[in-house]
Amino acid sequence: MNLFKKIYAGSVYLFLYAPIVVLIVFSFNDSKSRGSWDGFTLRWYVELFHNSEILNALYYTVSIAVLASLLATIIGTVAALAIYYHMKPFQKNIVMNLTYLPVLNPDIVTGISLMLLFIFVKFELGFFSLLLAHVVFNVPYVVLAVLPKLKQFNHSLYEAALDLGATPRMAFRKIVFPEILPGIITGLLFAFTLSIDDFVISFFTTGSGVNNLSILIYSMARRGIHPTINALSTLLFGAVLLLLLIVNRRITKTEMN
Amino acid sequence: MKKIVKFLMIVAVCLLMGAILVGCGGEKKAQRELKVYNWGDYIDPVVLADFEKETGIHVVYDTFATNEDMYVKVKSGGSDYDVVIPSDYMIKRMINEGLLEKIDFSNVPNYKNVDAKFKNLAFDSQNEYSVPYMWGTVGIVYNKKMVTDPVDSWNILWNKKYEKQILMLDSPRDSIGITLKLLGHSLNTSDPEQLEQAKNKLIEQKPLVLAYVVDEVKDKMIAGEAAMAVVWSGDAMFIKDKNPDIEYAIPKEGTNLWFDSIVIPKGAKHKTEAEEFINYLARPEVSQKNAEYIGYATPLPEAKANLEESVQTDLAAYPADDILKNTEVFDDLAKNIAAYDRVWTEIKAAR
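Protein sequence lines, in the order shown, are assigned to chains A and B. Per my numbering, the very first residue in the first sequence carries number 32; after that it's consecutive. Per my numbering, the very first residue in the second sequence carries number 106; after that it's consecutive.
Please keep in mind that the hints were generated in silico from the structure rather than gathered at the bench. All values derive from a computational prediction rather than experimental measurement. Some hints here could point you the wrong way.
[Unchecked claim] Capping the alpha-carbon separation at 35 Å, the derived lysine-lysine pairs in DSBU-like fashion look like this:
1) Lys453/B x Lys63/A
2) Lys357/B x Lys153/A
3) Lys357/B x Lys394/B
4) Lys311/B x Lys63/A
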C-alpha cells in the first residue's frame with residue numbers, strides 16, 4: 032500500500048515536472064530544432080540578452096504584473112473590508128455575486144468587451160489600457176483571498192484593542208492587518224501569477240509597441256518557437272523557484288519566533 | 106513582512122513613474138515614427154536596425170501568429186499600424202472590406218525589382234495595394250530512406266504502404282486544397298459536390314495518417330518519425346537543412362502558391378514613412394538578407410541572384426516556371442469558409 036502511494040505521488044510529480052525538465056534541457060541544445068541534439072551550448076542565453084524584442088516583452092510583462100497585482104491588492108483588500116464590515120446581508124449577497132462573475136467569465140469575453148469599451152471611450156490602447164485590464168481581472172481574486180481571513184478573524188480582539196485605548200486606525204494596523212496579511216499576500220501572489228501568464232485579455236487590450244511575453248511567444252507559432260524562449264523560461268522558472276524558497280524560509284522563521 | 110510591503114510599494118511607484126515618463130517622452134519627441142505589424146520571427150533584426158539608422162525613423166515593431174489575429178486587431182480599430190504583412194487571401198478580404206490604403210507607387214520606385222510573374226496576382230490584380238514580401242508553395246517532404254516510390258503526385262499520400270507514416274497539415278484550406286487539386290478541381294471551389302468528394306477522399310486517407318500537425322511537423326520530420334508530410338516550402342527548407350535525407354517535391358497535379366505581401370492599413374498615420382519602409386524592403390540587398398534569415402523565397406530576382414548557389418538552384422525554394430504554371434493562389438472564400446471548416450470538422454471527427 033505504501034509502495035502504491037509512493038508510485039502514485041511520484042507519477043503525479045513526474046507529469047507536473049517532466050515538461051519543465053525537458054524545456055530546461057533543450058535550452059542548452061545547440062540546434063534550433065527539438066528533433067535533434069547537436070551538443071551543449073549557452074548560445075541561446077547569450078542571444079537572449081541581445082534580443083531587444085524579447086527583453087522589451089519581458090520588461091512589459093514584469094512591470095505590468097507588479098503594478099497590476101499591487102493595485103489590485105490594494106483595491107481588493109479595501110473592497111473586502113468594506114464588504115465584510117459595512118454591508119447588510121442582502122447587499123453582501125449582490126456584491127459577492129458580482130465579484131464571482133468575472134472569475135467565472137471566459138477570458139475571451141472579458142478581453143473583447145474590455146477592448147470594445149476602450150475603443151468606445153476613445154482610450155488609447157497601450158500600456159495603460161493593458162494595466163487597467165489586468166487590474167480589472169485581478170481584483171476579484173484578491174477579494175476572494177482576503178474575505179475568508181476576515182471571517183476567521185476574531186472580532187472581539189479588535190474591540191478589546193479599542194477598549195484598551197487604541198484608536199480605530201491603530202487597532203486596524205496592529206490587530207486586524209497582521210491577522211489578514213496572509214490572505215493579502217496570497218491574493219497578491221495569485222494576482223501576480225495570473226497577470227504574468229495571461230494571454231487572451233492582454234492580446235485584445237494592448238496596443239502597438241506594447242507586447243508581453245505570452246503574446247510574443249504565441250506570435251512565434253508559425254515559424255517555430257525560438258530556443259531563446261526556452262532559455263528565458265528556464266531563467267523565469269529559476270527566479271520563481273528562488274522566490275518561493277525565500278518566502279517559505281521567512282514563513283518558517285516567523286513561525287519559530 | 107512590513108519591509109517587503111514597503112519595498113514593493115517603492116518598486117511600484119518607480120515603475121509607474123517610469124511608465125509615465127516613457128509614455129510622455131514618446132509624444133514629445135519630434136522623431137518620425139513607423140508602426141509595423143508582422144509575423145513572429147519574420148524579418149532579419151539587422152534590417153530594422155539599418156533602416157532606423159539610415160532614415161532616422163523610429164520603428165515600433167509588433168508580431169502576430171495568424172492572419173485572423175492580425176485581422177481582429179486591424180479591423181477593431183484599436184491598433185494604429187502603418188505597415189502590415191498578411192497573406193494573399195487575407196489581403197483580398199481586407200481590400201473588399203475597405204481596410205487597406207492604396208500605395209502611392211511613385212514613392213516605391215523599387216517595386217520595379219519585383220519579378221513580373223509576381224505582379225497582377227489574383228488577390229490584388231491591379232497592383233494597387235500590395236508589394237510581395239515572401240512567397241512559397243505547398244508540397245510533400247519525404248525521407249529518402251523510407252520512401253522508395255517516386256514522389257510526383259498527391260496520390261502517394263493515399264498509398265497504403267505508408268500506413269501511419271504520413272503527416273498531414275492541420276489546416277482546413279491547405280489539406281482540403283491539395284485534395285481538390287488531386288481530384289482536378291480548383292482549390293477555391295465553392296461547389297458543394299466537389300467539397301464532398303474531397304471530404305470522402307480525406308476520410309478514406311485517415312487510417313493512413315499518423316497525425317495532423319502544424320508546427321511540430323518540422324521536429325517530427327527531422328527526427329525521422331514519419332516518412333512524408335505535407336508542408337509549406339519554407340518549412341521544407343528548414344527540415345532539409347537539418348536532415349540531409351529529406352527531399353521536397355511539388356506534385357504534378359498542381360498546388361497552392363502563397364504570398365505574404367506588404368500592405369498599408371486604411372487611415373495609417375505615417376503613410377510616407379510606410380512607403381519609405383516598403384521601398385526599403387524592396388531593395389535587392391535587403392530582401393536578400395531577409396530571405397537568408399527567414400529561409401523563405403524572395404520575389405526579387407536580383408536578391409535571389411546573390412543568394413548561395415545551393416539555395417538558388419534548390420527547386421524547393423525556387424521551383425521551375427512550368428511547375429508554377431500549375432499553381433493557384435488562395436482566394437478569399439468569404440462566407441464559404443464555413444463550408445470548408447465544416448468539412449474539416451467532419452474529417453477530423455470521422456473514425
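Verification of the hints:
1. Lys453/B x Lys63/A: holds, 31 Å
2. Lys357/B x Lys153/A: violated, 53 Å
3. Lys357/B x Lys394/B: holds, 32 Å
4. Lys311/B x Lys63/A: Holds. Lys311/B to Lys63/A sits at ~31 Å (cutoff 35 Å).
Taken one by one, the earlier hints fail for this structure only at number 2.
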